[in-house]
Amino acid sequence: MTEYLWLLVALPLLGAALNLFFGKKIGEPLSGWIAFALVGIGWGVAVMPTLAFITGTASPETIYLFSWIPIVGADIAILWDPLSALLTMIVTGVGALIHLYSIGYMHGDERYPRFFAYLNLFIASMMILVLASNYAVMFIGWELVGLSSYLLISFWFTKPTAAAAGKKAFIVNRIGDWGFLVALMMIFAAFGTFDFGVIFSSAPAVLTTAAATAITLLLFLGATGKSAQIPLYIWLPDAMEGPTPVSALIHAATMVTAGVFMMSRSAVLFELAPISGGVVATVGAATALLAAVIAVTQMDIKKVLAYSTISQLGYMVLAVGAGAYTAGVFHLTTHAFFKALLFLGAGSVIHAMANEQDMRKMGGLRKVMPITFITMTVAWLAIAGIFPFSGFWSKDEVLAAVFEKGGPWMILWIVGVLAALLTAFYMTRLYVMTFLGKPRWAEDTHPHESPLTMGIPLMVLAVFATVAGLFNTPARLTFEHFLEPSFALLEHAEPVELGLLIALATFTVAVAIAGIVWAWLRYRGEELPVEEGGFWKAGLNAFGVDDFYGKVVVAPGKKISEWFSDTVDPKGIDGVTHGLANGVRSSGEGMRQLQSGQVRSYAGGIAVAGVLLIVALVAFGGGF
Amino acid sequence: MQNAAWLPVAFEIVLIVGALTVLMVAVVMDRNRKVWGPVAGFTFLLAGAVGVLQWMDVADGGGGMFFSAPGLEITKSPMVVMDGYSAFAAIVLGLVGFTGFLGSWDLVTKIGKRSAEFVTLSLLAFAGLHMMVASPNLLVIFVGLETASISFYILAGFVRDDINAEESSLKYFMLGSLASALFLYGVALTFGATGSLTIYGANSIRYFFSLNLITEPGILLVGMALMLIGLFFKISAAPFHQWAPDVYQGAPSGAVGLMAAGVKVAGFAAFGRIFIGGLLSQIDAWGPIVAVIAAVSMVIGTTMALVQTDMRRLLAYSGVAQAGYLLTALLAGADAIPGMWFYVSTYAFMIVGTFAIVSAVSGPGSTSAPMSDYKGLVRRSPELGWLLAILMFGMSGMPFFAGFVGKVLAFIAAGSVGYIWLVILGTLTTVIGLAFYLKVVATVFASDGDAGEVLEPSLSTRFAVVISATITVVFGIVPWILIDVVRDALPF
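Going down the list, the sequences are from chains A and B. Residues in the first sequence are numbered consecutively from 1, following our numbering. Residues in the second sequence are numbered consecutively from 1, following our numbering.
By construction, these hints were calculated from the structure, which means they are not laboratory data. Here the structure is a predicted model, which means the values were calculated and not measured. One should not assume that every hint holds.
[As the list claims (entries may be wrong)] Covered stretches of chain B (in silico footprint by chain A; criterion: 3 or more residues with CB under 8 Å from a CB of chain A, positions within the stretch not fixed):
1) 281 to 290
2) 404 to 417
[Unchecked claim] So these bits of chain B aren't anywhere near chain A, every CB distance computed over 12 Å:
3) Thr21
4) Phe42
5) Gly186
6) Asp246
7) Ser372
8) Val454
The beta carbon of each residue, even a glycine, is placed where N, CA and C say it ideally should be.
Can you build the whole structure from these sequences, using the hints too?
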């Protein structure tokens, strides 16, 4: 069965090419259906090989396709193990549903086929990333994911905010990519190959702790870009400028998990670097809390979900840092379902409210949108971590793993619990403000339930958001066993004691319920509470992190530019992206002054540089 | 072995005979372009074929060193060598010359009467370029360098009525002469320090170093430094690059591709021949300097390219950055050669192809190419738009394009000898560099605004661009074909 897995990459690529070149002829809605079908077939191709892992009849294998750069161990091959199988199922499964949803959502868009071309390109890129059998190919997938994400965020590029958001996402991600790239160079320098098999089996013998720490920290820098962690998370909220299905697919379910996936794939390396583990976990926990606090203050329904995504990703990263890879990947799985559901539900609401995203102008939607309301209820309970919905099991496992480590990790555990409290609070706030209470719509809006192509994905996802957690209850560790072959090279931690587990679970559920009740008491009334004080204002502005980056990253860049030249663009500072670009640009402008076009000055330049070179060579070479 | 003695210089002979034929045809047949055009194209191809013959001969155990005066012990120094290195250079230069000639054909047809001279000079220049690679004698290398350079000075100013072309030609000539003089002085000092002008054989520089340990290397170091400056100038490494943007912009578009690509190939090949073939024992002295120059080139090339609004200046600065990456490859000494060959040979085709497009879009005799010319190019000519995107991806180092493999090989080579800081810097500038390459692609695909009239490129331009793009893609997807070849393209 596994010999057909290459179709997972080939089919979406074919779809992308078809819609890119013949999209106008294929037209709407056929181009959408083609794109959907190709991803769906991909899912079908992967189902049986994945089931084989669950039933225990298969073992991980590498399916060799063709030779690319053999001398560096970069061949085109598929590494098919439970981890890649799981991600494949999520990407193609959730991906197919979102394609289906987009057929209705993008109805009437001028560039309809183009949108599906990009979506298919994204799926293909993600599959390259997930199925790679070496770091070189993985990096290619990683870059392609970034590219297609950029294309999708700025899909409505005539909207200046969308174009700017796309650019910001691209540039911020490049910072992370650079870290990843340098890590790859160091890996190659140490191992002489990019091949996963060789690297992971020989890592303990080859790498010193210092080298492993450096490599893993750089890998983590890469992960903070894609998986939106401190300090590089700032692009994700802006990325909500893209069409809502894009937010659901890329910025909730799939792309943002790339960093967590990559770290799980590199688990062997992280095991060799305990300091990195601590850094990763701390950053993850801090991100979980900070993003949750910001989410509490947001008024835009999609922004709440964006910060909530960052916060949940923080949990996954925390788990990876704690060495609980299974827990991290488990939370990734359940999160993919409930967060995709939340975004699609929010999209359904926005669609119904004629593109209104401000929750203060919603309310009382439960009556007009029953399907959306019921499915969103499921998602709300799942993310809040209420028994027995999926989020409960996975979040609980992450927190239990951190608690189990004891010592200073207790601080991280407390941070995680606080974030859980806030998660329940802001989700209830969203839920109450949107669906309950009295309508606060503008006079001329007439909300209505969305069409069935949008309704069906909601229902399917709601089912998964409910039951996905049951795969891995402490009583029935299917998931744990399923993933075992992927982490075979690691030492297995003792499972947490059942009594302690139940005690912890009871405690976190109590915390979640406290958050829900607190929010319900606050927002149930006819009038919304006034939220305009210092805290709310600062939170709404995301605590000014963007401005801070503008000052800290851009200002020194500007100083350097001024040193080069006085003609610096005085409007340099507006946001980190502009700032970075302008910083580099201005220094270039400065150097342009040296490029006067006069032969004399050029010859003088050659003379000066030449003398310096001679002096340096003589100094290096041992002198006269 | 009389026959074999012709083969090592057959490349030069073919090109010179071709050049003379073109001149004679132009005189006898009333400057009929339809006749000598194919003659010149055929000459380049034949030269490439000679390269293949040389390659096969070397693989069969032929090749070797060839002397100017057999029997005279005192001058027993080879003037020409035929090894995998020079044979591969012959193949690349022949094919690059052919493709570049196709790309410059629009210009040739435009300049009318004087075009025979243009073609003759191109052929002679390539003979000179190969001489830089095929000779182990520093003076003959210098002669080759000058043959090529002087031809190029004239080509740069070939559109005489254009003041910009005139200026750029003069500038190129004056600065180029300065660089040549410095190189020659370096050769002289190296001779002074080692008592030899040749790299291989008895009484060679290598032989000298195998016997002597230099305790006071001052003269040698200054000699090496001066030769480095001359070569850095030719390959446009920063801070010796300042002529490049002006010349790339001022010279007629049709000629730039041929010049830029040829000089890059021969310049790096000569660098490898002299510094890795001959002065490898001194790598501890010149290595760090080359590393610094590589770093400066990457940084200056990338930052300056970001702010350019003219396509050709952008390509010039991109060339500065690429020179930096190539120098990075050379730091690994003898192991560096295959990577250097892979990089420079694929990159040369990208330059030729890109300038063929520039020539088609901005006009073959034009002396500027504002970015606005390229806005919405894909709607004016889908073919050129897509091919330009491919070439830009190639130059930027996107995976599955040849430039990526070249960069990987270069960084691995530098990393293997401990220049990790340079590799990190190189990846950083690669990442930043993406910005301006993608800016070109975005401009080409811009869908707003008026695209302008449909552009129908000439057949020769199409050929040139398709050849380059094909090479960029094929060696990006199946690079091991070329890697297996360049593994044998080594100097003695």
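Practice problem: List, from low to high, the hint numbers that the structure doesn't satisfy. | Solution: Violated hints (numbers, rising): 5, 6; every other hint is consistent with the structure.
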